[in-house]
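**Student:** So the sequence lines, in the order shown, correspond to chains A and B.
Residue 1 is where the first sequence starts when you use the working numbering, and the numbers rise one by one after that.
Residue 1 is where the second sequence starts when you use the working numbering, and the numbers rise one by one after that.
Source of the hints: derived by calculation from the structure; they are not laboratory data.
Check the hints yourself; a few may be wrong.
[What the hints assert, rightly or not] Below, a list of computed lysine-lysine pairs in the DSBU-like style, where the Cα atoms sit at most 30 Å apart:
id : chain 1 : residue 1 : chain 2 : residue 2
1  : A       : 278       : B       : 7
2  : B       : 145       : A       : 414
3  : B       : 100       : A       : 503
4  : B       : 100       : A       : 323
5  : A       : 275       : B       : 100
6  : B       : 74        : A       : 271
7  : A       : 323       : B       : 145
8  : A       : 271       : B       : 136
9  : A       : 275       : A       : 172
10 : A       : 271       : B       : 100
11 : A       : 275       : B       : 135
[Stated by the list, open to error] In silico negatives: residues of chain A with every beta carbon more than 12 Å from chain B:
id : residue
12 : 8
13 : 65
14 : 275
[To be verified] Under 7 Å between C-beta atoms, here's a sample of chain B residues computed to sit facing chain A:
id : residue
15 : 11
16 : 19
17 : 25
18 : 55
19 : 59
20 : 66
21 : 69
22 : 86
23 : 121
24 : 122
25 : 134
26 : 135
27 : 137
Don't be surprised by glycine CBs; every beta carbon is placed ideally from N, CA and C.
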Amino acid sequence: MSKLELRERFASIQRESERRNEEKNKESIPTIFIVMSTCGLASGATETKQAFEEALSEKSIKARIVPVGCLGHCYAEPLVIIDHPTAGFPPICYYQINADRARILVRSYLEGGDPVLKYVLGAMEENDLIPAVMDFPRFSLEQRLVMEHCGHIDPNDIYQYVAKGGYSGLVKALEAEPEEVIDLVEKSGLRGRGGAGFPTGRKWRIARATEIDDKFVICNGDEGDPGAYMDRTILESNPHQLLEGLAICAYAVGANRSIAYVRAEYPLAVKALQKAIKSAEELSLLGPSILGTSFNFEVSVFQGSGAFVCGEETALIQSIEGKRGMPQHRPPFPVEKGLWGRPTVVNNVKTLSSVPSIILRGPEWFRTIGTEHSPGTAIFSVVGNVKHPGLVEIAMGTSLRTLIFDVCGGIPKKKEFKAVQIGGPSGGCLPSSFLDTPIDFDSLTQAGAMMGSGGMVVMDEDSCMVDVSRYFLDFTQKESCGKCTFCRIGTNHLLNILDRITKGEGREKDLELLETLSKDIKDGSLCGLGKTAPNPVLTSLKYFREEYEAHINEKRCPALKCRTLIAYYIDLEKCARGCEVCVGCCPVDAIFTTKGRKKAIDQELCVKCGECRSVCPPEYDAVFKVSPPELAPIIERPPEEKKESKKSAV
Amino acid sequence: MIPRELKESLAQHIASIDHPRELVVDVMFAVQDHYGYLSDEAVEEVAELLDMSPLEVEQLATFYTFIYREPVGKYVIHVCDSVICWMEGHESLLDHLSGKLGINLGETTPDGMFSLLPVCCIGYCDRAPAILINKKVYGPLTIEKLDDILEKLRAEGLTPSI
Chain A
1 MSKLELRERF ASIQRESERR NEEKNKESIP TIFIVMSTCG LASGATETKQ AFEEALSEKS
61 IKARIVPVGC LGHCYAEPLV IIDHPTAGFP PICYYQINAD RARILVRSYL EGGDPVLKYV
121 LGAMEENDLI PAVMDFPRFS LEQRLVMEHC GHIDPNDIYQ YVAKGGYSGL VKALEAEPEE
181 VIDLVEKSGL RGRGGAGFPT GRKWRIARAT EIDDKFVICN GDEGDPGAYM DRTILESNPH
241 QLLEGLAICA YAVGANRSIA YVRAEYPLAV KALQKAIKSA EELSLLGPSI LGTSFNFEVS
301 VFQGSGAFVC GEETALIQSI EGKRGMPQHR PPFPVEKGLW GRPTVVNNVK TLSSVPSIIL
361 RGPEWFRTIG TEHSPGTAIF SVVGNVKHPG LVEIAMGTSL RTLIFDVCGG IPKKKEFKAV
421 QIGGPSGGCL PSSFLDTPID FDSLTQAGAM MGSGGMVVMD EDSCMVDVSR YFLDFTQKES
481 CGKCTFCRIG TNHLLNILDR ITKGEGREKD LELLETLSKD IKDGSLCGLG KTAPNPVLTS
541 LKYFREEYEA HINEKRCPAL KCRTLIAYYI DLEKCARGCE VCVGCCPVDA IFTTKGRKKA
601 IDQELCVKCG ECRSVCPPEY DAVFKVSPPE LAPIIERPPE EKKESKKSAV
Chain B
1 MIPRELKESL AQHIASIDHP RELVVDVMFA VQDHYGYLSD EAVEEVAELL DMSPLEVEQL
61 ATFYTFIYRE PVGKYVIHVC DSVICWMEGH ESLLDHLSGK LGINLGETTP DGMFSLLPVC
121 CIGYCDRAPA ILINKKVYGP LTIEKLDDIL EKLRAEGLTP SI
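Start from the sequences, fold in the hints, and give me the full structure.
**Tutor:** Okay, structure coming up:
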């Protein structure tokens, strides 16, 4: 089979894709793109779509509705892009379009020609009328390689991906020798995006070099880190790019079979991927003798069913083999002896999705993005206390400050930044002094956090670092598979100590104990889960030691978070005579009326839920939180009051 | 006993691949879909289909969050206890849920309508606090929204399915 034939067969697919495109453009009717990935659906995109359909048919307006994947702007869902070629405006992106707003858009814009500026996020192209989204920091600071087409194409339509240059990378790879493909990937300096940052090219070369013919490629989509959902979005929004990367990888290492391991928690992603596999097989872009070449490649989807530890590659392989997903000793590494004892390349969704453009545009181009030792981009799901949470793809080397403050809008409610947790339960918490740290594999590891798979949790001044560590230990303790004693029992002990500290029962030697125990857990565990489980404790101890000390020595929670160590009280100076709002919301009848018809809290009854503080009208703002609890002024509840309040409760 | 057609289609699928054990999770799901949960009988059936011992299947069935070894309610509520949900008030949400349904985590309401289970991060952090009900995601939740959802589901659940 000559290269010419291969190219000819692919060219006919491209022609079909062009033909479909032209057919659409022939009729110059408006196109409505609706973000229909999980985030869109959860914010009501289905209702939005229905409203558009109804309104269009009521007014007998002809328009095309195209469901697309995620743009990464989770704060603005449901997002809608309307391309109305005859209205004189460029395609416009609208935010938070619910059913009512959808009807308004049909009436005002599609029928009346008024683009309804108040719902506009921005124009999708530079123009003189409407500010373009490219000029917003969110868009201009981002650099999209992996998510380039996410949100711009219908993930269920393979031709749309082909129209964007999709599968050209695979064709180019098939024209070359497998070694040449590996050379390109190696030269690009691509490192594994699952967190560890192992050079992808080197992994492929080792797999290629093994003499066994029967090899496997596994796509690790078992994204379980708390706060991370990048893989889900890529799978939902552009599964073909991943499949193309998988096929290139398989061709390069000489594998014929691949398994995509995806969490069952992501039903939409599973469905999108299965559908994509089918349509790629129909066009001979996957399956037996791809595009007429001698390369056979089959992909199947394996659904992980809710076990965090299965994201670890050896545990993942065990899970596929139908065993409990428990990590195994390495070496031998999977790339030498993996699934069913065969050489197995395990790559992350983002790593594989980076491959097609490297092959197509060349390693030199890839190296122009990012830093010398971490070329390319990083994708983060920035969540927690930020104004614009969502998925962000930035060049490696961008500082944490730029990402958190410029791209994601900083901390809401005028609060102060306190810490950022990177790398999930294996990562660490970095304080504000690290905000200028560039985001790349080496700098983050040096700082005590890690790149991880891309979850980034931003915390404001109200977060208690001891409590955050306690949370993460609670997580790892539950998710430990139980194989290694130190991980199984050690994490439980860490949790108990932290629990004690947050309850004000910390002891003098606790901090020392935390440190030695953490070290033992790191040394005595087999896999990444145990080896990194103490990281949240160690980094927070390093950077926020005074918070631990305040909890232990003064029984005080500086962030006013730990319930046992705080108290609420009502400032009688500020409390309004006769206002009863807090009384009604208290679930335990702890609020009573004191002299001058002002309110006070019965500390004995108070469960510290904080409801009174959140309902107190802002013009009074009379409810305060203090730590330690002894600081709250004690106001005696009159005995008859107690009775009365009971009566009114009945 | 699982219906013959289901058994045959599973057996066929199993026979078609090199490493039948790779299918064990899929088979468990298929059988669970039939029974509503993985009963002792179901465990044995899965084992027989895949030529495994019931104990091996049991090991797996108890390992994965989404395989149920006990009967579950019509609506299985998975409450995400991930860090973002936790920061956004997962604890009070959970308290409310257990109070309202009168059950703790891991239990099912006596009318067989709801089961309450914990789940590690479900990846809907942009919608925190979030829960899954029969694997469909709901969020960001408030106590009022949650009450609405429960009421709607209860009404739906009471209507006999045709």
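**Student:** A separate judgement is required for each hint: does it hold in the structure or not?
**Tutor:** Hint check results:
1. 278(A) - 7(B): Measuring from Cα to Cα gives roughly 25 Å; hence the hint holds.
2. 145(B) - 414(A): Holds, at about 27 Å.
3. 100(B) - 503(A): Answer holds: residue 100(B) to residue 503(A) is near 27 Å, not above 30 Å.
4. 100(B) - 323(A): violated (38 Å)
5. 275(A) - 100(B): violated (40 Å)
6. 74(B) - 271(A): Holds - the C-alpha atoms of residue 271(A) and residue 74(B) are around 23 Å apart, at most 30 Å.
7. 323(A) - 145(B): violated (40 Å)
8. 271(A) - 136(B): holds (14 Å)
9. 275(A) - 172(A): With a Cα-Cα distance of about 24 Å, the restraint between residue 275(A) and residue 172(A) holds, given a limit of 30 Å.
10. 271(A) - 100(B): Cα-Cα ~34 Å, so violated.
11. 275(A) - 135(B): Answer holds: residue 275(A) to residue 135(B) is near 19 Å, not above 30 Å.
12. 8: Given that every Cβ of chain B is farther than 12 Å from that of residue 8(A), nearest at about 33 Å, it holds.
13. 65: holds (22 Å)
14. 275: Fine: 17 Å to the nearest Cβ keeps residue 275(A) off the interface.
15. 11: violated (16 Å)
16. 19: Cβ of residue 19(B) sits 6 Å from chain A, so the hint holds.
17. 25: holds (6 Å)
18. 55: Violated, because the Cβ-Cβ distance from residue 55(B) to chain A comes to roughly 12 Å (cut-off 7 Å).
19. 59: holds (5 Å)
20. 66: holds (4 Å)
21. 69: Violated, because the Cβ-Cβ distance from residue 69(B) to chain A comes to roughly 13 Å (cut-off 7 Å).
22. 86: With a minimum Cβ separation of about 6 Å from chain A (threshold 7 Å), the hint on residue 86(B) holds.
23. 121: With a minimum Cβ separation of about 4 Å from chain A (threshold 7 Å), the hint on residue 121(B) holds.
24. 122: holds (5 Å)
25. 134: Violated: closest Cβ of chain A sits about 10 Å from residue 134(B), beyond 7 Å.
26. 135: Given a least distance of 5 Å, the restraint on residue 135(B) holds.
27. 137: Holds - the Cβ of residue 137(B) comes within 7 Å of chain A, reaching about 5 Å at its closest.
Of the hints listed earlier, those the structure fails to meet are numbers 4, 5, 7, 10, 15, 18, 21, 25, in rising order.
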